[in-house]
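Asker: On the provided structure of chain A, position chain B as indicated by the hints.
Going line by line, the protein sequences match chains A and B.
According to UniProt numbering, the first sequence is numbered sequentially starting from 1.
According to UniProt numbering, the second sequence is numbered sequentially starting from 1.
These are calculated hints, taken from the structure and not from any lab test.
Owing to the predicted nature of the structure, the values given are computational and were not obtained by experimental measurement.
Just to be clear, a hint being listed does not mean it is correct.
What the hints assert, rightly or not - Simulated pairs of lysine-lysine, BS3-like, Cα-Cα distance not exceeding 27 Å:
(1) B/Lys-68 with A/Lys-66
(2) A/Lys-297 with A/Lys-66
(3) B/Lys-192 with B/Lys-138
(4) A/Lys-169 with B/Lys-66
(5) B/Lys-66 with A/Lys-68
(6) B/Lys-373 with B/Lys-384
(7) B/Lys-138 with A/Lys-138
Number of protein chains: 2
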Amino acid sequence: MSARLGRTEALSLLSLSLACIGILANTLHGDGEPLIASIAFSGLAFSFTYALIRWLGNAFMRAGLKGKDLSKLRQVEIPETMGAVCAVVYLLTTIVFIPWPFYKDIVAATSGGGNRDVVLELQQVETGRLLHRFPHSKLASYLSAILSLQSIVILGIGDDLFDIRWRHKVLIPAFASIPILIVYFVDFGVTKMVVPTPLRPYLGELFDLGWLYYVYMAMVSIFCPNSINILAGINGIEVAQSLVIAVLIVFNDALYLSPFTPYPHPATDSHLFSLYLLLPFIGVSVALLMHNWYPAKVFVGDTYCYFAGMVFAVDGILGHFSKTLILLLLPQLFNFVYSAPQLFHIVPCPRHRLPHFNSRTGLLECSIVEFKKPLAFPIAEALKLLHRLRLLRIETNEKGEVISSTNLTIINLWLVWFGPMREDRLAMGLLAFQTACGLVGLFIRHRLALWVFTQDNL
Amino acid sequence: MSARLGRTEALSLLSLSLACIGILANTLHGDGEPLIASIAFSGLAFSFTYALIRWLGNAFMRAGLKGKDLSKLRQVEIPETMGAVCAVVYLLTTIVFIPWPFYKDIVAATSGGGNRDVVLELQQVETGRLLHRFPHSKLASYLSAILSLQSIVILGIGDDLFDIRWRHKVLIPAFASIPILIVYFVDFGVTKMVVPTPLRPYLGELFDLGWLYYVYMAMVSIFCPNSINILAGINGIEVAQSLVIAVLIVFNDALYLSPFTPYPHPATDSHLFSLYLLLPFIGVSVALLMHNWYPAKVFVGDTYCYFAGMVFAVDGILGHFSKTLILLLLPQLFNFVYSAPQLFHIVPCPRHRLPHFNSRTGLLECSIVEFKKPLAFPIAEALKLLHRLRLLRIETNEKGEVISSTNLTIINLWLVWFGPMREDRLAMGLLAFQTACGLVGLFIRHRLALWVFTQDNL
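In isolation and in its complexed conformation, chain A is listed as follows (with noise of 0.2 Å):
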């Protein structure tokens, strides 16, 4: 990888950076509209994560953050941990982007111009045209999500240096949730959920979790992270699963926003506010997936994986949609339970469970895992009959001993199915696969929902 931009790419990313900004002048002189200064900042978030990863490669690789590529016939280093870079900008982007949908006294423009002192009572502006004004109330919520980012930031780059523990690893998030779960306690409180049809003679229409909300929410906040850093391991393959999910969490947003759904609509603003968390998210992950696709540039690091796990996290817990996301997160929540097994050594599990690559056809097969002594009666008979599901691929001997079997990742499952293929195809497959179980997802959200809820909330 060059370390310097190119004359088309310098040129590409000042256009584009000129553009926001102007984009972003504008939005000063009219009402601030934060969505559009939001998209603006994305475009800016892009530019600069684009540039930096570039300029700072080769500082990373100095550090000593480097690795190589096991997939590739050339195995030259390459640096890691990039996925530092993108948060460290996208951070900054929404500490920048603060001002815009949360500040208290409004400035109303006039058809005069010059006059701006004119400010508008809080009540005014929400019923009023400035509809997509936040209550300032919400500022506690926006910097505790920001908070979050910032420790899982902190705690993931140390994972990156100091190579923790799988065991120790699986907690960083749950430290990171404190600050969003501590900001929850104090600011809101509410821990009732709606109540299923079905078990309203029982329980009531809303059923006060108490405690257990917040149990509820820091394990979703420890999943999200760890889910994204379990199915991993293939370029491109993190960032790409990342923006799929975002987009498709954008796509719900967006069926809350004023063509789809007449306002005022109570829950616009949660969902303008997970807008505002994504839209940077899906700026710097473009400009990090241009540099991991495959051939892979950069590595992006468990930091990047905890990261784009805490955003969906984060977003979900504050824009009040935690059970959508899981739905989005179907193929991550499969990886995690099919993994089990081996996470839990049930059943043997190697070093690094990657897909392995056959320089002779330059493409990737399962990777397997061999027993070494004979397995317990039960498991050996669970992996046959996973086997004849084809659920996965073993090898029995003679005497119909198991003694081999393929990792158990989606990624190597995925090559159960459809045999040996090369990296990008392997990882395009899984990505029409996570962008296939989503807009299920979705639809079973917005449309099967009536089946258990009263109503749906769109």
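Answerer: Frame of chain A, contents of chain B only:
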């Protein structure tokens, strides 16, 4: 340094932690006194930092974060960047502390016990017996303080990893100050200052600085971290000077609290706010100092210097005593002005300006910069004047040209004044100077301020 805690250490830390947890549990039964909770949290933060520094030392060394102490006979490698451990524990502590001062619906303990649902009106709370609770609206500024501190930790770690150039480094705190500036803008926007009496005929009683006030706050944020970062280089000096400053600010804060000043006093809230940020800082810093004092078993890294400076900056800005803060940083200010000719390359500046270690005597001597080319006439004359004022020491050749000078740091100046001495005595001397300056500063602040202002706000 042993990676394990000794038996006595482990027992002491454990009993301190248990005592603090007991105190915390007790605050939950009573009115939840935040000040007592803050002291208990600081004790916990001390214990965690102390233990973590020991446990993580080897991991830091393995990750390449290590360095040699040039001022020792045996130059063994010891862990670097240990300030990052401090900072992370500090951030976690300040986040977990949030519910104590800010919990919205304050639950009043009733004498009967058990009935904890009596909720006091906020007004009653502010003026009533729960006087140490904050109005909930201050939450955003507390969060912005933590955001700024997290930002500086991320950027500081980046600096320690990548060895950023000096001229880029200076701006690191500027980036980290963005969160407090933005939230200040969104949340308060108060940019007026009290005008000193002699100027009132011209400017009025209050003068609106407008956007210049933001420039001023940014400059305070840039000055504090950098000024601590350049008064560094001998064992313990970075942490110990920060501790002296922190203790002096705590002393000043205490002047505004209950036994000294009758409640309600308009500045009580600001100074409580300041205490809540400083007490845990003192906790983590003492733990670090115990490992960093002569002979140092760990180094603190730029991360610590930036972090400590930013704690003061944030504290001074949000506690509204930034001018008092500057009085406490007079030695740092002097060191900055004194160093400026070298920092801005008016006088040649070597890579390191640490005192020179004389391995024969075991003492530190002033380090010297030699001038290969003759200096320009006015600069040479200025150095000669400073030499005559005993503010540095130069050597001249037979032609009267200046051929060398002591490096322009307050540490070297101390050695010019008092001759070679051992590293810990040098540090002690500088700390005594820092303390004396600070006390005089505070005296000026509260006694002599009446000459230029109509009243002391105490």
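Asker: Please flag the earlier hints that this structure goes against, numbers listed from lowest up.
Answerer: Result: no hint breaks.
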